[in-house]
Structures are given as C-alpha cells and as structure tokens.
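**Q** The lines below spell out each chain.
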Amino acid sequence: MIKKFNRRKFLVYGSATFGTSLLLKACANDETTTTTSATNASSPTATGASGGGDTIRVGILHSLSGTMAISEQSVVDAEQLAIEEINNAGGVLGKRIEAIVEDGASNWDTFREKATKLIDQDRVVAVFGCWTSASRKNVLPVFEQKDHMLWYPVQYEGQECSRNIFYTGAAPNQQIEPSVDWLLQNKGTDFFLVGSDYVFPRTANTIIKAQVAEKGGRVLGEDYLPLGNTEVTPIITKIRQALPNGGVIYNTLNGDSNVAFFKQLQGAGLTPDRYPSMSVSIAEEEVRAIGADYLEGHYAAWNYFQTVETPENQRFVQAFRQKYGQDRVTNDPMEAAYIAVYLWKQAVEKAGTAEDLAKVRAAAYGQTLNAPEGTVTMQPNHHISKVVRIGQVRNDGMFEIVNSTDSAVEPIPWNQFVKETKGYACDWSDPNKGGRFKAA
Amino acid sequence: MDAVSRIGARGKRQAFWIEAAIVGAIALFLIIVMPVVLSNFRLNLLGRFLSLAIVALGIDLIWGYTGLLSLGHGIFFALGGYAISMHIKLEDADGGLPDFMSLYGGTELPWFWEPFYSFPFATFAVVTIPALLAGVLGYLVFRNRIKGVYFSILTQAATIVFFNFFNGQQKLFNGTNGLTNFQTLLGASVNTQSTQFVFYSLTIILLVGAYALCRWLTSGRFGRLLMAIRDDESRVRFSGYNPTEFKVLVFAVSGALAGIAGAMYTLQSGSVSPRLMDVAFSIEMVIWVAIGGRGTLVGAILGALLVNYARSFLSEQFAEIWLFFQGALFLIVVTVLPDGIVGWLKSQGIQSLRGRKQAFTYPSLEEDPEIQQERQELETKSSE
Amino acid sequence: MQKILEIEDVTVSFDGFKALNDLNFNLDVGELRVLIGPNGAGKTTFLDVITGKTKPTKGRVLFKGRNLRSLSEHQIARLGIGRKFQTPRVYLNLTPRENLELTSNRKKNVWSTLVGKPKNAERNSVAGLLETIGLSSRADIPAGLLSHGEKQRLEIGMLVAQSPDLLLVDEPVAGLTDEETENIGDLLLALAESHSILVIEHDMEFVRQIARKVTVLHQGSVLCEGNIDQVQNDPKVIEVYLGQPMDDSDTAHSLELEASGSEL
Amino acid sequence: MLIGLFDGLFNGISIGAVLLIAALGLAIVFGLMGVINLAHGELMMLGAYTTFVVQNAFRQFGEPFFEIYIFFALIAAFFVTAGVGLILERGVIRYLYGRPLETLLATWGVSLILQQFVRSVNWVLVIGLAVFCVLFFGGLWILNHRQNRAFHKWAIAALLPLSLGIAIAVGRFLADTYQLAVTRPWFGAQNVDVSAPTWLRGGLPLGNFQLPYARLFIIALTIVCVAGLYYFLQRSPWGLRIRAVTQNRSMSSCLGIPTQKVDALTFALGSGLAGVAGCAISYLGSVGPNTGQNYIVDTFMVVVVGGVGKLVGTIVAALAIGTVNYLVGSGTLAILFTPIQPLADFFTFFATTSMAKVMVFALIIAFLQVRPGGIFPQKGRTVDA
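Just so you know, the sequences run in chain order Z, W, P and H. Reminder that position 381 of the first sequence reads as 387 in my numbering, one-by-one numbering, no gaps. Reminder that position 54 of the second sequence reads as 333 in my numbering, one-by-one numbering, no gaps. Reminder that position 142 of the third sequence reads as 150 in my numbering, one-by-one numbering, no gaps. Reminder that position 91 of the fourth sequence reads as 107 in my numbering, one-by-one numbering, no gaps.
To be clear, the hints were calculated from the coordinates, so they are not data collected in a lab. One thing to keep in mind: the hints can contain errors.
A few chain H positions that, by computed beta-carbon distances, are all more than 12 Å from chain W [to be verified]:
1. P80
2. Y85
3. A92
4. R115
5. L117
6. T123
7. C149
8. A185
9. L220
10. R259
11. S266
12. I273
13. A280
14. V319
15. V320
Derived BS3-like pairs: lysine-lysine, alpha-carbon spacing no greater than 27 Å straight-line [claimed, not checked]:
16. Z/K215 x W/K450
17. Z/K444 x Z/K215
18. P/K115 x W/K291
19. W/K450 x Z/K444
20. H/K326 x W/K426
21. P/K63 x H/K277
22. W/K450 x Z/K425
23. P/K127 x W/K426
24. Z/K215 x Z/K193
25. H/K326 x H/K277
26. Z/K101 x Z/K425
27. Z/K123 x Z/K365
28. P/K63 x P/K127
29. P/K61 x W/K426
30. H/K326 x P/K61
31. P/K63 x W/K291
32. P/K127 x W/K291
Reference excerpt, derived from the structure (chain Z facing chain W, CB under 7 Å, subset only) [said to hold, decoys possible]:
33. K143
34. Q151
35. V205
36. P232
37. E426
38. G429
Cβ coordinates follow ideal geometry from the N, Cα and C atoms, glycine included.
In isolation and in its complexed conformation, chain Z is listed as follows:
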C-alpha cells in the first residue's frame, strides 16, 4: 500500500515537472517561432529534416542565453534578416538557405560543442557566429581541424588570421588607431585608459599606449574592471587624480560596466567638455540601454552608425525595423553580421558551389559589396577594408558623425606595436605566404 501510494505520488510530481517545462517551452518557443513566421511564412525553422537538394544549410552560433545574450541576440536578428532577404530574392545558386541556430549560452565550451555539432551533425557549409574573442578562440581549433568556415562579425583585438575565419568587423587599425589620431588632433594629449578585464581591452590599450607615446601624447593611467562589475568609484577617483585638469578617457569597457561608468562619471562631474571619452564598445543599442541623457556629448568609433547616409543603409534600417519592430536600432556588429551573409553569398555564387569550401574561400577574395556602411572589399587576409567613422552621441540616442576617413582603410590583423608581430602580415591567396609571414 505504502509503496503504491509513493509511486503514484512520484508519477504525479514527475508529470508535473514534465508538464511545467512543456508549458514554459511552448510559451517561450511560441515567441521565437512566431516572430520568424510572422514575417517570413516560408522560413525554415531550426530543426529541418535533411539538407535536401534545394536547400543550403548554414549555421548561426551565438549566445541566446546567459550574459552575452544582451549583445548577440540582435546579431542573430540581423543574420536572419539577411538570409530571409536572400531567400525572398531567389536564394543562392537557386537554392534556399536554411539557417540552423545554435545557442552558445555565453559559455566558451558550449560554443565549441555546438560548432562541432553544426559541422559534424548538421553538415552546414558555413557558420556565422561568435561575439567574444574567447568564444572565437575556442571554436577556432574546431574550424581549423575540420577545415571549415566561420564568419565573425565583431570588431576585435587582431593578432589572428585564420584560414578558416572571415572577419567582417574591424581590425584594431580600422577602429582604434584612427580614433586615437583624431583625439590627439582635436581633444588633447593626456589619456586615461579604462577597460574591462579581458583580452580585447588589454590589447587595445597596448596599441593605444604605443601610439600615443609615438605621437607625443601621454597615457597617465589605466585600470580594468572585471566583467559585470558596476562599482566604478575607485576608477573615477583614479581618473581625477591622473587628469586633474581634464583629459581624454579612452574607454574599452564592455557590457554592464559601461552603464555604471557613464552614470557615475556624470554624477562625479566629469563632463564631456572637460573629459571627453572615446568608446569602442558602445553602439546604438548600448546607448539606448545606458540612456542618452548620460552619454550625450561623448564619442564612439565605429565603421557603421545607424545615421550613415547611404541608400543601402536606409534600406537596411527600414527592412530591419519592419521585421523586428519600429523601436529597434541597428549597430555596427549587426551590420557586419548582415554583410557577412551577403559576402558569403557572393562568394558562393562566384565559386558556383557552396560545399567546396576551398573554392568558396578563393572566390571570396576581392568581393566588393555596397554595404550600408559604404563599399567594403574582402581582402586576401580575410578581413575587409572599411571606412572608419567617429560619432558623437546626440540627445536622441543616435550618433552625429563628426569624422570619417576619406576612403576605406585596409585591415592590418597583426599588431604592428607589439615586437613579436611587428612587420608581419597575412595573405591566404598566396599559398607561400599564409596566415603569418614577414612582410617585405
């Protein structure tokens, strides 16, 4: 009797568990599936049966949960928009693109696991994905071992040039170096460097320090915040001590810390007229999350702003808002992800195949595209040449573009300020040169 009773109880609770998760699944899933189906009735969902003859499978690998979901979700949106547009325009080589979305869960191990799964199980022909350098570094061996292809859409610290990765975001010389030059010319020569405690800010700051020293400026202090830390009072004290009469703050903070930093910067009276700051991780979305009230007058360096005036950009912004809602904004990584899909499509079409990755790769070199940010060209070093812009935050949360380079800047992946990599370059179109060779 006792036994029966307990077993029954177990059944009840067991089914309760299962049921609850089903309910939650149904509700949350509703949202994702319906947002896709609402605007794109024929778009394939994540779990298609087989590749089939008339579809081409690509993978999308970003964090949909965890800390990085904040940034990566909208990149996925942009990639799906591009895929949908291509499909609506007839697909690639007459085939529809089927996107398989995997969640990296802000966990580098998971990224690696999912990358393996996309390549081995789902047999995708290309993967669009990653945001943090750590996630890219973790999937890199997978892509190299399997000689596969990753399109990486975020500005990063350089020092890498893999045969199996195409980088559509900025290399350091396409974002940081021009902005430092501009600051030195227009805003002063005394710098304070603030960054999150990980590889990108540290590398960026190595470059900045070398560059500032070379051009006659001074770096009077630097400090790093652990990711997610929001207690910035000590840093503000340090800035005041280092720059008592004003100066330039170069900000490579990432994520939540930015919000705290700018809110408290204003509270402490370090206003942009005396302490202008240049950020490289703050784009339109971040401005919205921080509040334009706090950021007005500060600067950011990117290749793309939503306010860029090109016909391509107007189309892009409009299409994005139509699909995801009128209040959404676009930003640089989203644009880079968007054009990554188009560049891949052009390469596939030139190569005449999606499966032969070597051919696709070779076809990619030299592809140009009239992107929302202007004309971009895929270089043999797997990075793209792009225009560099400096924007000032307006009170409506958009950027006033105050400076842009006259022409597209060529990407330099290897850091020319670090002794070990000085003078090195990368060229995958020439088998004798490869990922890292000593340039003449």
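With chain Z held as given, fit chains W, P and H onto it using these hints.
**A** What follows is chains W, P and H alone, placed relative to chain Z:
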C-alpha cells in the same frame, strides 16, 4: 547499508565481488560498445560527461556524506584543467613561449610555468594543486567551525575571486580566453580520433578508480564517521574525534577528484578558461548530485550524466527553455525528491525488502505498537 | 582523597550576564555526584565549561590536575571525559552497533580511522554493551527508528563505550517511563563502581535513588552541598526553588513539574 | 589633503551604503530563518525593472511629474518585490525550514527562472501562466474541498495535463491571432535604461571634487531604510514578534506567536528591501537580466562578516568592506604608503578593481580566523555548537 551489514562477513565479500563485476562490466561496455554505437561527436560528449561524473563523485563525498555544501568545486575543476593545459601549451611551444604570451607582449616564461615542462609533474599537479588548495582553504574555514550556509557562501566567494584572478592575468594564463588550441601531448596529436579514444577510455578507468576510492572511503568506519559529522558534528567532537581533520581530508580528496575531472574534461573539450570557475557552473555541479541522489555514489554519476544529457538535448532543441528547466530542476529536487532518483528508488526498494524480511527476522518488531507508531510518524513526516 | 575534577573560581559571562559566577567545585575519584538547580542556574554551562565547549572568562578547570583551558573538546574527550546530552544525541542514520563502534574506537585520528579495522575484542565489547543497554535485538536498524528511551540508553552506552574516567550525564531520565528510569538508575549505579560520575537531574525521585551527595547550583554558584535530605531541608534551597518553605513531598513534586517544563 | 581624506571617506561610505541597502533584506531574513536567499539579487533586479516601468509611465505625464517618479518607483518596487517574496516564501521556502542548504539550492533555481523570465516575458507567457494557474490551482481547490478523496491523486494527475493543454492552446491561439503585439518580449535580453530625474544627476561641488547627488540620495535612502527597519523591529508589535522568533523559535511558537506569519512577513519585508535596493542601484549601474548577479556575492560577504546577531553588525560590515574596497582599489593606500617602498609596491599590485576583490576576500578569511561568528555573533548558551 544496513542490509549489507546484516548479511555478515561472507555475504559482504560476495556482495563486494558482485559489485566489482557489475562496475567492470559497465566500464567494459562503455569502452568497447559505445565507440561502435555512437558518432565521434556523441562519443566525445559522453566522455566529457563521464569526466563530469568524477567531480560529481567528489561533491557527493563532501556534500552527500559529510554534509558540507561546496559551491566552489569549479575552482578545483579548472585548476586541474589548467595544470594539464599548461603542460600541453609548453610542449606545443617547443621550447619557446606559449603562443598567447608572445602575441600579447609577454617576453619571458613566468617562473611557475617552468615545472610544467615535465609531464609527470603536470599530472602530479592535476591532483595535488587542487587538493592542496582545498586542504588549506578547508583548514582555514573548518578550524573555526564555520559550516553550513557560511561555508557555502565562502566557497562561492572564493569562486568569484579565483575567476577574477585568472580572468585578469592576461600574461600568465591568457585571461578570459583561457588556454586553447592544443596540439600534442607526449608527442601524440591530441585531436586525432585515436588519442581522443585513449582519453575517453582513461576517463572511464579514472571514473572507476574514483568510484572505488569513494566506495572505500564511505564504507567502513571512516564513512560512518563522515555521516556522524554530517548529522551531529559537536557530538562527534565530544566522542573524542576531531572533525576538522576529517573534513579537511575529505575536502582535499574531493578537490583532487575535481582536479582529475577537470584535466580529463579539458583534454576532451580542447580548452580551459576561467569560465569553468563561473559561479553558476559550480552550483550546477551540486544539482547533478542532488538529482541523482546524494549520499549514493551511483546517484552522483547518474545525475551528472542525466542532467548534462538533458542540457545538451534541451539547449539543442529550445535554447530559452534550458534556464527555466534548470531552475525547475533545482526546485523540484529539493521539494519533491530530496533524496534524488537513486535515493527514491532505494527507499522504495528497501521498504519492500524490509516488509518481507522483517516477517521472519524481527516478528516482535512488527507487532510492537511503539514501532508502528514511530513508523507512522516517520511516514507522515516524509510525506509532508 | 584524590580529586578527579577541580573547578576554581570559574566565571563565564555572556555579554555581561554571568552564567557562572566564581564557581568552586570538586569531585573525588570514584564519586557519584548529582547536580541540581533551578532553570538558568548554569547547570548546562557548567558542563560546557568542563567539556571545553565554552571557555571560562575567569578561573580554571583542572581534570586529574591538568588545566583544560587550552584544550578543545575532542582533546578533553580523549583525556577521559565523556558527556551525555540533555536530549539524546545519537547518530540517527547509523545503527546502534555503528554508533557504539564509532565511540569505542581507541585511536581517533584520521589515519587509523581510515585504515584500521575494528578488533575482535572491540567487537565483542560492543556486543556486550548492546546486551547491557538492552538493544541487541535492534542493533542493526537505523538509530532514528529507536524510541526515546532506547535512544537515551544508547547514548549512555556510547558514553560507556568511550570508557572515560569521568562521566557527565545531563538529565538521563527526562521523558522516560518509571520503569526505564529505574533501569537507568541501576545502570548508573553499576557504572559508579568503576567511574566518577556527575549527573544533572531534576527528577527528585531519581535523585533519591542514585544520589550520595548533591550539589545545588543557583545563579551560577554553589548554593549548598550535602546528602539528599540535608539539601531538601535546607531553607535556602527551598527558597530558591519555591520562594517559600514547603514540606518534603511537595518540594519533590514541584521540582519534577519544573523539570518537565525545562525541556528545550 | 583634508578634502582628499573626506572624499575617500565619502566614497567608501557611498560604496558601503550600496552594499548595506542590498544586504539589509538578506540579513534580516538570514537572522530570522537562517536562510540565505540566492534569489536576492534577482529580487533587486525586479525592483530595478519596476523602476523602469514606473519611469516610462511617468514619462508620459510630462515634466513636473517625471521629476518625482522616483518616489513612486521606490514604493512600487517595494511592494512588487515584497509580493514576489511572499509568493516565494509561501510557495517554496516554508517547506524547507531547517534545511538551509536545500533552501540555498531552491532559491538559486528561483533566481535562474526569474532571470530567464524577464528575458522572455511577453503577453503569451503571462496569459498562458495565468490560465494555467487559474485552472490548475482552482481545480486543486475544488478537489480539496470535496469529501470524496478516493481519486484525489489521479484527479490531480489528470488535471495537470488538462490545464496545461488549455493554457498552451490559449497561448498558441493568442500568438497566432495577435502576432507581434503579444509575442514581443516586454523587456528582452537587452539592458533597459533607467534615467534619474534631472535633480539626481550631477553633483554637489566641493573644492576639486563633486559629491554625486545619486550617491547622496542612496546614502540618505539607506539611512531611512535602516532607521525605518530599526523602528519597525524595536517599536512595532510585529517587530517584537520577529525579534522573539529570531531568538527562540519554538518558545515563541509555544507562546502563541504565529511563527508562520512572522516568517512570511519577514521574508516579504526582506524582499521588499531588495526591491528598494534595486531601485537605488538602477541610478548607479545597469538594469538588465544579469543585474542581480553583480551584487549577490558582495552582499553575502557583508552578512558573513556582520554576523547574524545584530543589525549593527551588518551596518559596520557593509561600511568596512566598502571602505576597504575603495581604499585598496583606488590606490589610495598605495599613495599613503609611498614613503615605505615595499608596502607601497604591495598595495600598488592590488590597486586594480579585480585585485582589490582578491585582497578583500583574503582579508575576510583572515578576519574570520579571529572572529568566526562575524562582528556581532549570537552569544549565549545555544543548543548547538
């Protein structure tokens, strides 16, 4: 447990051999059959989950048996991973600097990297560094009789501190990115199928070894003392035992197991990063044990496998659900299934066993009204 | 006669409240002493100080002439002081046999606990003890299933298994039936043949059964000492307990009532 | 120099004030029930989101009202999180008293659910959940009030999938009919912006320095909270009951104090304080699904160092940790010790925000070697060692 002691010495020996045979059979099955059945991707997944089962055993030892909830096993896990990775990075660098150091402006090898040139030292470090750290940390905490929730929070804080430390040391440990892109270990390429199979088999052997170790520790007088410490520590003290020594030892053993697990996991996942010291990951380890059934070794292993497979499956199908599901798991396991799956099965099993056996072993017990009443009380209590 | 326990001028204060106040106390080797006192007299604190759970704010405790101040509980226990708690504290998830085996273990460091096997002699003594406390038939079920009285007996058994020179017994018969109470009394008397014993008790019947000498604690210091009749007729004691004099049987009765209310 | 010292002190106190207001709720709950609420950070997050919602509502009313929205936000945040806390206590925690470690795990589960909830909450989810709750718990209520309990368990087993099915169907129907209007997440995974009213921006100039108004406001708010809490605990009948239960649960229960109600009330109060803290921190940092995670461990350390005995312990611990964190992290100590070279080097090494945390943890461990029970441990004869 009580069933075992009742059978007597000969029965005990017999039970031991039966158990050994079952464990051996399962291990052989995993080593021989699984590689045939599973694709490489799935086999690698299984291998990693099995190495997570080793750390689950460690947590079961410290939590299930000794009653100390550690939320910091990620530290030991990651340290084990770092130890073996440092060796591989040095081997790959072939006398030079590991690649990340030179790329980010490092010029000379930090002194503590030197010993990791030696493979024996690296394997030794996989076990001893986590064990030592656990021992020291444990000693500092236990000697002041800090326990319960305090201990849990302190271990959690330690996790954050270690995360910050490893995360911030770009030149020493490659910061956030961690150590990745492994090439060779002892001259063999780590990424080939055959090497990975060796790692997989080694994981199983180590898991069996860990199981045997925990089995030995938890049966016999030592194991009973651990339970006594869990149930009433100050009573143990008044009986003349010093609980601190025992707790430190168990925590160190548990840390060592986590270190081994971390090393095997790292070898199969191909990277180690401060993410392994994430607060959430360490708490997740606890839930594996809780789901499987704390205080039972099989439960710990089973729980680790089950939860990780559920995660892998669910996050493949519906990414957003996983957190809801994981949260629900935590809630359900503490409210409805406090003894976990194995504990539940066991209590059911033993109840039926006792029901039959008592009929002839202790007829008087069945009739004793006091016993009846006690039992009723126990049942109402447990069903509350 | 040789003293096994000497307590000299011990004061224990918690935030200014003096649980023990300049207490002086001696116990002879082989003596059986009963300690009584109203609630809050400091009886349990008294045991805490002897066993090292609480360190005296002032004064010293000597066991066999040795100062216990710098020793921790387990060291004191190893010296030969055993303690039984007010509410029975046995390991509920272990069986009575395992409970006894754990406490009877002679070498209590980590290593020998880990590798040592219980000797045959120890096993036999455990079996004998189970017999003595009348738990042989229940030796192998979890102690959590035992009745209250059985747990009390088991705990006394554990105390004996530890084979201390001095037994500290806190309310051994609280919540027991009359028959069980008498059993426990006999057990204590038997133990007194070979051990020094200090019993804290409220049940005056029981005290009468076992006591040779009684000490009354009040507000952290000794109020009076003597045999049971002397103590019960001492006007100070009666005043402390009742506020006014009363006759013998009523006193005993009221003390019992008071005892039953003091369970925490 | 004097102003510099004052500035250092002010910054230390202001960091401490944030820690204190965040730890206050945690400390009284821990003191009363021995329960560490790992979802405390998420309750703060809910408070911050409430602030966001209130802010948006007031923005529509225009200028003069927007300037005072913060007071309404504080009240709303308090009641919203107190309500959530109450549900949490009644629904989960009360089954786990006496099992603090299990409570730890359960509240962690709750924190995961809350995090994901704010990410994906939309009308479909809310309506689906509401329908499910009405059907399932309504059904349970009816079942429990019937005399015939023969098929009780089976009825529940049938009720569950039934109400689930209906809830899912309703959700699907809504999603298909209204589409984006109901399936759009309310907040999404991104951070949301909370802007302070203009009078809270900027700061009070003081020589070279400027005391941020937001910081001053938080310090004032903390003082008000502490004073209010103190008054509540010391002077009100419920406060008396809470203190009684904190000291001796079973005795209080014997004396007719409704301990269950006291527990629920305290938990709700603690959660409400978390909400107020969440509102306060939204003027300093980010408001997003991860907001809570950034604060929890620091606040736990406050509770550990403070001890469970007295509110004073929490206050002293928060201020001490805040000040030490600031002095080490900002390099003030390094400058102070400039004459003594080795010490200066030592403190310079720790003078980054990351390393300051390492140092503070080491100091806490060292402190616990001297006072394992915290600054003000519970003293006296306890039943358990």
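**Q** Evaluate each hint against the coordinates.
**A** Status of each hint after checking the structure:
Chain W leaves H/P80 outside its interface by the beta-carbon criterion, the shortest separation being 41 Å against a cut-off of 12 Å. Every CB of chain W is more than 12 Å from the CB of H/Y85 (nearest about 31 Å), matching its label as outside the interface. The non-interface label for H/A92 is consistent with chain W: the shortest C-beta to C-beta separation is roughly 25 Å, beyond 12 Å. Taking the minimum C-beta to C-beta distance to chain W, about 8 Å, the non-interface status of H/R115 is violated against the 12 Å cut.
H/L117, annotated as away from the interface, has a beta carbon of chain W within 12 Å; the closest lies near 4 Å. The Cβ of H/T123 sits about 8 Å from the closest Cβ of chain W, inside the 12 Å cut-off, so the non-interface label is violated. H/C149, annotated as away from the interface, keeps every beta carbon of chain W farther than 12 Å; the closest lies near 15 Å. Non-interface call for H/A185 relative to chain W: holds, since the shortest CB-CB distance, roughly 19 Å, exceeds 12 Å.
Against the 12 Å criterion, H/L220 stays outside the reach of chain W, whose nearest CB is about 33 Å from its own CB. H/R259, annotated as away from the interface, keeps every beta carbon of chain W farther than 12 Å; the closest lies near 21 Å. With a cut of 12 Å on Cβ distances, H/S266 stays outside the contact zone with chain W, its closest approach being about 17 Å. A cut-off of 12 Å between C-beta atoms confirms that H/I273 is not in contact with chain W; the least separation is 22 Å.
Every Cβ of chain W is farther than 12 Å from the Cβ of H/A280; the closest lies at roughly 17 Å, confirming the non-interface assignment. Distance check for H/V319 against chain W: the nearest CB is about 8 Å away, which does not clear 12 Å, and the non-interface claim fails. The non-interface label for H/V320 is inconsistent with chain W: the shortest C-beta to C-beta separation is roughly 6 Å, within 12 Å. The suggested pairing of Z/K215 with W/K450 holds, with an alpha-carbon distance near 17 Å, which does not exceed 27 Å.
Restraint check: the Cα-Cα separation between Z/K444 and Z/K215 comes to about 24 Å, which is no more than 27 Å; the hinted pair holds. For the given pair, P/K115 sits about 25 Å from W/K291 by alpha-carbon distance, which is consistent with the 27 Å threshold. With a C-alpha separation of about 24 Å, the suggested pair W/K450 and Z/K444 falls inside the 27 Å cut-off, and the hint holds. Using a Cα cut-off of 27 Å, the hinted pair H/K326 and W/K426 holds, with the two alpha carbons roughly 20 Å apart.
For a cut-off of 27 Å, the pair hint linking P/K63 to H/K277 is broken: about 38 Å separates their Cα positions. At most 27 Å may separate the alpha-carbon atoms for a hinted pair to count; W/K450 and Z/K425 meet this at roughly 15 Å. Of the pairs offered as hints, the one joining P/K127 and W/K426 is violated, with about 33 Å between alpha carbons and a cut-off of 27 Å exceeded. Of the pairs offered as hints, the one joining Z/K215 and Z/K193 holds, with about 16 Å between alpha carbons and a cut-off of 27 Å not exceeded.
Note on H/K326 and H/K277: the hinted pairing holds, with a Cα-Cα distance of about 22 Å set against a maximum of 27 Å. Distance check on the hinted pair: Z/K101 and Z/K425 sit about 48 Å apart at the alpha-carbon level, beyond 27 Å; violated. Proposed proximity of Z/K123 and Z/K365 is supported: the alpha carbons are some 23 Å apart, at most 27 Å. At roughly 36 Å between alpha-carbon atoms, P/K63 and P/K127 are farther apart than 27 Å, so this suggested pair is violated.
For the hint linking P/K61 to W/K426, the alpha-carbon distance of about 17 Å falls within 27 Å, and the restraint holds. For the hint linking H/K326 to P/K61, the alpha-carbon distance of about 23 Å falls within 27 Å, and the restraint holds. Our distance criterion of 27 Å between C-alpha atoms is broken by P/K63 and W/K291, whose separation comes to about 46 Å. Under the criterion of a C-alpha separation no larger than 27 Å, the hint pairing P/K127 with W/K291 is consistent with the structure, at around 17 Å.
Taking 7 Å as the C-beta contact cut-off toward chain W, the hint placing Z/K143 at the interface holds, the least distance being around 5 Å. Taking 7 Å as the C-beta cut-off, the interface hint given for Z/Q151 holds, the closest approach to chain W being about 6 Å. The interface hint given for Z/V205 holds, since its Cβ lies 5 Å from the closest Cβ of chain W, which is under the 7 Å cut-off. For Z/P232, the interface hint holds, the least distance from its beta-carbon to any beta-carbon of chain W being 5 Å, beneath 7 Å.
Interface hint at Z/E426: satisfied, since its Cβ lies 4 Å from the closest Cβ of chain W, which is below the 7 Å cut-off. With a cut of 7 Å, the hint placing Z/G429 at the interface with chain W is violated, because the nearest CB-to-CB distance is about 14 Å.
In this structure, the earlier hints numbered 4, 5, 6, 14, 15, 21, 23, 26, 28, 31, 38 are contradicted, and the remaining ones agree with it.
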